[in-house]
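Hey, can you work out the whole structure from these sequences and the hints?
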Amino acid sequence: MSKIVATAVINGANKIVTECEEFLNKAIKEKGESQKVEFPDTAFYLPMANALLGAEVKTLGEMKPILKEAKSLLHTPPSEHLWLPYLGDTLDSGIGTLLAEEMICVLRYLYGQEPQVDCEGFFSDTILRTLGIQLVDGRMPGFAAVLGAAPDNKTAVEIVREYQKRSILCFVGCSTNGRSIIDQLKEEGVEMGWDAYIVPFGRDTISAIYPLHWAIRGALTFGGHKKGEALKCLTYCKNRVFAFGVTLGALDDMKYATGAGAINMGFPIIADTDIPEIRPTGICTYEHLVSEKDHKKIVPTSIEVRGVKVKISEIPIPVSYSPAFEGERVRREQMFVQFGGKYSDAFEFVTAKDLNDVEDGKISVVGIETDKMEDGKAYPLGVLVEVAGRKMQKDFEPILERQIHSFLNEAMGIFHMGQRNMCWVRISKVAHEKGFKLAHFGTILHARMHEVFGAIVDKCQVTILTNEADVKKHMEGAIKVYNERDERMAGMTDESVDTFMSCQLCQSFAPNHLCVIKPERLGLCGAYSYLDAKASFELTPTGPNQPIKKGECIDPVKGEWKGINEFIYQKSNKTLERFHGYSIMDFCETSCGCFECIVAILPEVNGFMIVNREYSGMTPCGMKFTTLAGSVGGGAQTPGFMGIGRLYIVSKKFISADGGLKRIVWMPKEMKEALGDKLKKRCEELGDPDLVNKIADETNATTMEELMPYLEKVKHPASSMPALI
Amino acid sequence: MTKAKDRSIDKASQQMLKRAEAEDKQLAWDRLEAMEPQCGFGTLGICCKVCSMGPCRIDPFGDGPQEGVCGANKDTIAARNLLRHIAAGAAAHSDHGRDVAHTLLIAAEGKTHHYGIIDEKKLHDIARIYDIKTEGRSKEDIAKDLAHAALAEFGNQEGELKMIARAPESRKKVWRKLGVMPRGIDREIVESMHRVNMGVDADYKNVINHGIRCSLGDGWGGSMIATDLQDIMLGSPKPVRAKVNLGVLKEDQVNIIVHGHEPTLSEMAVKAAKDPELLALAQKYGAKGINIAGMCCTANEILMRHGVPVAGDFLQQELAIVTGAVELMMVDVQCIMPALSSLATCFHTKLVTTSYKAKYPGVEHIQFNEEEAYEIACKIIRMGVENFKKRKKERVDIPKYEMDLVAGFTAEYVFHMLGGKYRATYRPLNDAIISGRVRGVAGVVGCNNPKIKHDWAHIEMVKELIKHDVLVLQTGCSAIACAKAGLMTPGDALKLTGPGLREVCEAVGIPPVLHLGSCVDNSRILIAASEVLKEGGLGGDLCDLPAAGAAPEWMSEKAITIGFYVIASGIFTVFGGDMPVKGSENVTRYITEELDSIIGGKFAFEADPIKAAHMMIDHINKKRAALKLNPMMYEPAKKEAKEEATAGAN
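Chains A and B are the protein sequences, given in the same order.
Just so you know, we're using this note's numbering here: the first sequence kicks off at 1 and counts up by one.
Just so you know, we're using this note's numbering here: the second sequence kicks off at 1001 and counts up by one.
Worth flagging that the hints you see were computed from the coordinates, not collected in a lab.
The beta-carbon is built from N, C-alpha and C at its ideal position, and this holds for glycine as well.
One or more hints might be untrue.
Said to hold, decoys possible - Here are some, though not all, of the chain B residues that point toward chain A, as calculated from beta-carbon distances under 10 Å:
{"hint": "1", "residue": "H1124"}
{"hint": "2", "residue": "A1127"}
{"hint": "3", "residue": "I1129"}
{"hint": "4", "residue": "P1361"}
{"hint": "5", "residue": "V1363"}
{"hint": "6", "residue": "F1415"}
{"hint": "7", "residue": "Y1422"}
{"hint": "8", "residue": "N1430"}
{"hint": "9", "residue": "S1435"}
{"hint": "10", "residue": "R1437"}
{"hint": "11", "residue": "L1496"}
{"hint": "12", "residue": "G1500"}
{"hint": "13", "residue": "G1536"}
Claimed, not checked - Here are some chain A residues the structure puts well away from chain B; computed CB gaps all over 10 Å:
{"hint": "14", "residue": "Y45"}
{"hint": "15", "residue": "Q164"}
{"hint": "16", "residue": "G178"}
{"hint": "17", "residue": "R329"}
Right, dumping it as structure tokens:
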């Protein structure tokens, strides 16, 4: 229960602040108030006091107001019965502790008691500049302060090795029952130091201030916050410095008090003992105090609790890995083995699981590995990727899954095509000779999922199946899900959601343009569907894709909503006031320049034509794509002309206010073919299965003179529709 | 057979009810019985006596007249009556606010040394709302300007109230669109009286919309001024421990009850009770001390700031006298039963009125004024001490029931409570709601009413809410009722609390039910809700919040006014008994259905507190779903536990 923790923290803070007061009084008595005090190589005086109070302490005398503040933060511990709220008091005590510990350490410097043997002591500004920037810009995923002593040396080594593996900087120090992890690591011959990412700071609890007031300097140096802006500095640490404390062995009051200080900075504590947990969130991003008694799990648990996004800088596979290899093909004669295509069953599947059900980095191959495979043959393959994350949603599964293609392709000597149960994979002879195995698919996918989707993926495990029966069994399940997904996306309508997504990606060159992406209208570049945009928002909440509340519906037919209008007015630099989502005739949506196709009015035939970027010929409106593009783009509303993504043509909402697909009188043949079944199906839905053929293409007409008689001949419905103008 | 158990669920009250019954003393319950059957037309709100062509009443069954002499139909009559109630309630709260502003003014001018400026931070915060320069100025100068500015709010004629600027922008937009932004506190009350006059406003929607405007002038005006200026002058409350119920009366001390609403006098009484001279006098008469105990909202005021024990809620004012242990009861304004004067004569209790606005025939009046506040308080207390001599030992029967509580929560204190000095924040509360630990927040407030078993509805409703992980904020007599049931203890009350809310309460060290003060302090709930909204993640307007309100045992017109400004602030509110509007289907539909789409809040009437709690929970769930919040964290676990329990039972 938290009250026990509060009691310990408040008692601990009282002890530490009292110790500080006694030490300071002694120092003043012995050396006088004007005695200079400083930490080595820093421009931040006492960094914690500098950040939180704006103080520039240079002498013993100047420490007195800091002590006064620390004392003012002390409270009495909660009473046995009928206690008063203690969380605020506990957090106050934490800050008081940090201020006092910092003063004790600087006094120890004065008396030559720091740094301790084999310890770093105070971390200089130089270290801050070289390593700190990596910490706040995300190159280094985070830092762990491992405090106390493990039950045995082996465990101590294992824990720090696990962090090392993940490029997490490890500060080690403090003691439990007189034993420190520093000595445990030393005895095992573990190399320590900044280069090794394992830094011993000191053997007592007081010295745990070093990593903490190192972190707060990040807020001043990199966060641009001013000294004394306490709340900003502390929340900067919470949001940008992914640090946490791991305590090994029993916790005393002083450790609790220091932990409460760390929690003020947003750094949670994970203990290997049976401590009372504090799981409700708010001061830290996630849980505040967590117990994890299994030393094998303490590293992943700590990473999860702090929300550290692990990055794997180099993918440990025996072949080169780079986007340069994405287009590389493995021809039959270069091939060692293949999977899928028309040669065997193969599928790939990403599924989201509960955080507890996924073991990050676990890669298993069920069935035979490549070393048991015969040259030139085809084998069944199942690639099962299980991911988990606090922000993971079912809707993201297909987006992650779609990336398997490029993730695997970027390995040299690996060829990948298709997706789902229509994938086709080859491993080249060269890759095989270098030692590439199927397990490496797992290695690649694990690393890349973290790298690309770090915002939503906290854990990822991969299972590779090569056994016919397993593949068949799992594929069946996967196919069921593929179908459900298709239905879900197909079932998603503009009406079924209350929020659309914006895309302002192109404002870099078309500053007033934005796309309003709806379930039934994808971005005009064709690259962003509604779910893609949603996922993108989760990945980068401040990025180019933002949710827009539809708000009150002004016109359901033309597709006008109050919320959308307000949003575009703001985001188009106040140049656009209204959007009609389903009309091209008035207040149509704007175009940047990236559109896949252009829809253009042909007033003579009461309809529209569509031309795609790839079609270079003449069109019935008398302009080629390039000429048309010049008049459509740039973020202006041009009635009768609009850039769109291909798939919008087969949406039910395709210019539905103007008559929809039945208005289309011309499009290039290539596009008709590309849209294929989808187009046919849509025509059938409209009750005019022959519409596909009634729409002219360049083989029927490239001028208005040719187009008119053709439309008359096929009895195109557009002529009998209400006049467009 | 005693009726005591049917009249109250509070053990202390039952004991006194039995005594009154035995001694044939008439109490509110008896007078209610004598009054029955109560007038159906009045209950339905369809009688009108605003002019002398009447009184008129509409036949609710449709057989008799459907229009009054002037032609006003049931819709007009019910709406006009309702507006009259709203205006009266707003007037009561706001007049309180005006008095506080006046006290601050004379304190700042140095005309009284009994009141000062205690919370300077809040002085600066509120001064900023009024665009009053604070830098480099003395607290008295700032306070003087603030008092003038606050007083000006009452007589303001054009534009908008300044205080209401604190409401979220999105909410103000709704009010402006509907034309219900209050201009001046008094102006809206006066206009209400004009509109309900013979032959003025007859469109029930138009009438009620003005009621909204008038109520907003209370909640975001008069009441808020009362709360904030009191905090500045008397100090902002912080959590305190205290005791509640008739058991706080002391057999061996002079018992003085302060009853009513305004804290100016009761604060002084608390001080005067420590006066050495008076204490010596008390001892001379054989009393060990002077025990001040509060009743109703004035109790809440001195409880919040000083931890002064609370003797009881509205329906316990007579019962306190029945103990035979009360030497003196001093009253100021509001919720004081005229019945006290005759009841007091049956015991040795001395009743003293102190406000020229509230006198009672045959009761001694000692006029209070701020300039001589302490001296007047001493004078009254001295009367009480003198009266100790008249106490008849054999007539003393103090119920041995008292309960611990923690009170003293404010919208401002939440920042410290959740984040301490350096991380002051509402984030943990928002996080708790978003993550599904806390389902939402409910404000349960209001009076007692002898028509409903005393305290029962408050306690049952609040228990049901906390069981379902709803954090409950309370004020007024409702708070006192739940405190008596132990719901404001940080330890024991958690046994009745859902697992998610419990986890949060344990992390913070709070009870699941928080006492925010008196009935003007409902303004604290409005500010807290606005802070939650500002913290983010729970929608764009107050009406998006997973929150609900209730007044399960309401009786005062003030409750109607509070109800209106709460629904107008976008919060669904359940009243324990019907408002007197049921005679008009149109008015009933308007305030219980249609207003929702117009202003984002509406009423429901439900006498069964458990059903009412579930209406609130359903509403909160709906808002959670609309915000796409996480499912409740421990819901499945709870379901399993329930299944286990039933399996075990079989």
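Status of each hint after checking the structure:
Because the beta carbon of B/H1124 sits about 18 Å from the nearest beta carbon in chain A, more than 10 Å, this interface hint is broken. Interface restraint check: B/A1127 against chain A, minimum CB-CB distance 22 Å, threshold 10 Å, status violated. Checking B/I1129 against chain A: minimum C-beta separation of about 22 Å lies over 10 Å; hint violated. The beta carbon of B/P1361 is not positioned within 10 Å of any beta carbon in chain A (closest approach about 43 Å), and the interface hint is therefore violated.
For B/V1363, the suggested interface contact is broken, since its CB lies about 38 Å from the closest CB of chain A, more than 10 Å. Of the supplied interface hints, the one on B/F1415 holds, with its beta-carbon coming within about 8 Å of a beta-carbon of chain A, less than 10 Å. At its closest, the beta carbon of B/Y1422 sits 5 Å from a beta carbon of chain A; the interface hint therefore holds under the 10 Å criterion. At a threshold of 10 Å, the smallest CB-CB gap from B/N1430 to chain A is about 8 Å, leaving the interface hint in force.
Annotation: B/S1435 was flagged as interfacial toward chain A, and the flag holds, the nearest CB pair being 6 Å apart, inside 10 Å. For B/R1437, the interface hint holds, the least distance from its beta-carbon to any beta-carbon of chain A being 6 Å, beneath 10 Å. Hint status for B/L1496 relative to chain A: violated, with the closest Cβ pair at about 16 Å, above 10 Å. Here the hint on B/G1500 is kept, as its CB sits about 9 Å from the closest CB of chain A, short of 10 Å.
Hint status for B/G1536 relative to chain A: violated, with the closest Cβ pair at about 12 Å, above 10 Å. The claim that A/Y45 lies off the interface holds: its Cβ sits roughly 18 Å from the closest Cβ of chain B, which is beyond the 10 Å cut-off. The Cβ of A/Q164 lies farther than 10 Å from every Cβ of chain B, with a closest approach of about 32 Å, so its non-interface assignment holds. No Cβ of chain B comes within 10 Å of the Cβ of A/G178; the nearest lies about 32 Å off, and the non-interface call holds.
Annotated as non-interface, A/R329 keeps its C-beta farther than 10 Å from every C-beta of chain B; the closest such distance is 45 Å.
Violation of the numbered hints given earlier is confined to hints 1, 2, 3, 4, 5, 11 and 13; the remaining hints are satisfied by the structure.
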